[in-house]
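Chemist: For the sequence shown, my numbering assigns the number 1 to the initial residue and increments by one for each residue that follows.
Read the hints as simulated data drawn from the structure, not as lab findings.
Just so it is clear, CB atoms sit at the ideal spot from N, CA and C, and this is done for glycine as well.
Please note that a few of the clues may not be correct.
[To be verified] Straight-line distance between alpha carbons at most 30 Å, and here's what the computed DSS-like set of lysine-lysine pairs gives:
id: 1; residue 1: K68; residue 2: K37
id: 2; residue 1: K85; residue 2: K46
id: 3; residue 1: K45; residue 2: K85
id: 4; residue 1: K46; residue 2: K68
id: 5; residue 1: K45; residue 2: K29
id: 6; residue 1: K68; residue 2: K29
id: 7; residue 1: K85; residue 2: K29
id: 8; residue 1: K68; residue 2: K45
id: 9; residue 1: K68; residue 2: K85
id: 10; residue 1: K85; residue 2: K37
[What the hints assert, rightly or not] Here are the in silico distance ranges between beta carbons for each label pair:
id: 11; residue 1: L41; residue 2: L75; range: 12 to 22 Å
id: 12; residue 1: M10; residue 2: K68; range: 51 to 61 Å
id: 13; residue 1: R56; residue 2: G83; range: 25 to 35 Å
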Amino acid sequence: MDFVLNKETMEFEPVKPPYKTVEIRCETKEDYNDFEKIVALSQPKKPIPADEQVIRYVTTYECPNCGKHLVDNGLLNYCYNCGQKLDWSDEMDGEK
Numbered sequence: 001m002d003f004v005l006n007k008e009t010m011e012f013e014p015v016k017p018p019y020k021t022v023e024i025r026c027e028t029k030e031d032y033n034d035f036e037k038i039v040a041l042s043q044p045k046k047p048i049p050a051d052e053q054v055i056r057y058v059t060t061y062e063c064p065n066c067g068k069h070l071v072d073n074g075l076l077n078y079c080y081n082c083g084q085k086l087d088w089s090d091e092m093d094g095e096k
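Using the sequences provided together with the hints, build the complete structure.
Modeler: Set out below in C-alpha cells:
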C-alpha cells in the first residue's frame with residue numbers, strides 16, 4: 001500500500017486510486033455478447049458525411065454504426081438511435 005503526505009493535516013494517508021473498480025459478470029454467452037456491444041458503442045467513431053443533404057443550411061451525417069441520419073454538427077455526443085458515441089473532432093476543427 002502506498003502513502004502520501006496530506007499537506008493540510010501533515011499526516012500520511014493511503015493513496016486512493018483515481019478510478020472505481022467495477023465487476024461485471026457474464027454468466028452466459030449472450031451476456032458476454034451484449035457486453036461486447038456496449039463496449040463497442042462506447043468507443044467514439046467519426047460520423048460519415050451523407051451523400052444527400054436532408055435539411056438546407058445544415059450538414060447531414062450518418063451514424064457509422066446504424067446508418068441513420070444525424071443533422072446536428074457536433075451537438076450530439078451519441079447517436080439518438082443506437083447509442084454510438086460520436087467523435088466530431090475533425091468536423092469541429094474549422095469552427096474554432
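Chemist: Which hints, by number, does the structure contradict?
Modeler: When the structure is compared with the hints, none of them turns out to be violated.
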